[in-house]
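**Q** One-letter residues, chain by chain:
2 protein chains.
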Amino acid sequence: MAIQGKFTSSTLQDAVESISSLPGVGSRSALRLALHLLKQPRENILHFAESVSRLATDVRYCSVCHMISDTDICPICADTRRLQFQICVVESVRDVMSIEATGQYHGVYHVLGGIISPIAGVGPSDLTIKELVARVAEKNPSDTEVILALSGDVEGETTCFYIYRQLERLGCRITTLARGLGFGDDLEYADSLTLGRSIAGRQEFKP
Amino acid sequence: MAIQGKFTSSTLQDAVESISSLPGVGSRSALRLALHLLKQPRENILHFAESVSRLATDVRYCSVCHMISDTDICPICADTRRLQFQICVVESVRDVMSIEATGQYHGVYHVLGGIISPIAGVGPSDLTIKELVARVAEKNPSDTEVILALSGDVEGETTCFYIYRQLERLGCRITTLARGLGFGDDLEYADSLTLGRSIAGRQEFKP
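Going down the list, the protein sequences come from chains A and B.
Take 1 as the starting number for the first sequence in the numbering used here and just add one per residue.
Take 1001 as the starting number for the second sequence in the numbering used here and just add one per residue.
No wet-lab data here; the hints were simulated from the structure.
As the structure is a prediction and not an experimental result, all values here were calculated from the model.
C-beta: ideal position from N, C-alpha, C; glycine also.
There may be inaccurate statements among the hints.
Chain A side only, calculated, beta carbon under 10 Å to chain B, not exhaustive [unchecked claim]:
1. 60
2. 63
3. 188
4. 192
Result set (DSS-like, lysine-lysine): computed pairs, CA atoms no more than 30 Å apart in a straight line [said to hold, decoys possible]:
5. 139/A x 1130/B
6. 130/A x 1006/B
7. 1006/B x 1039/B
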């Protein structure tokens, strides 16, 4: 962009370059954001920078479920009201937040930290699968349910299958998320794969 | 948003709140950006934070034209090839960058730092108008051209008129940006005010 060469301040230029490294933020937006920050009181800018730098220094991960946390054990694992024998396996921190936002789940989580993807060079050993198996083995596996809440794409299915193979000998219950029509979806516009899964996974009608 | 109450880490929550204070960044985007930063190497996060905090600590403004600068005199004012007797008056730092990007202007600038707006509570004394008048008076005013490059809205017109009144007794030349049809604009779709200005400001045809 023409604007890049027109900086009269390398400080501003550095800030714009840093901000435009964020995904979905172009150099024009980055300039707008940097100039916005520049107009703020000094302490607001420093607070902004401080709260970001603390992402590098203060963030920890729960030693049980690998969720982001301020403490060694995250608030979800530490909550005695949550069902410790129901472990929901998710790809990322964000998925935990999405499921928590539903208010429908009362068990605990296990964050894999990614998904098996040969293309992206992510293998099983890059994820917390070994820790999951150890965690289930430590409990009474026959009383434990592992819910595989991964994406419905090829990588998700592969990861589900790999984890299933690791867990089946322990004898725990292994479930997966219901797939089917979305809430309020119109039958007419559903793709045939989704509709097929919806029929195969049909449930008792309980009015 | 439901997601707000679901943070298991106050560090992440603080970062998300800071990022979502930026204009045009909602809480979902802020979460996405914070999680993206979190995945970066530690030194990248710290570099990001550092480059933002330097906006609070290292940014200076040119003592002549009030443009953002690393030094007391900005590179534009310090450039001896630029016409020091042609002063383009703009509202903000960003306008200087936009005009510089055209490559069509070879004079210097004067950044007002805002525009007169009774609604926003910005009066002439909040801007660098006094400094502009002093700057013109110090030069040989009869050789000096002041180009008023402000927005075409009511605030812009008011500010132009105020500055004109301050400068006219000095005897400098005062010009304003050409208003008219944009490059490539279709006559049929132009609003009548713009078209009217285009006719009134018509120029010799020089093929």
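**Q** Compare the structure with the hints numbered earlier in the document and write down the numbers of the violated ones, lowest to highest.
**A** 2, 3, 4 and 5
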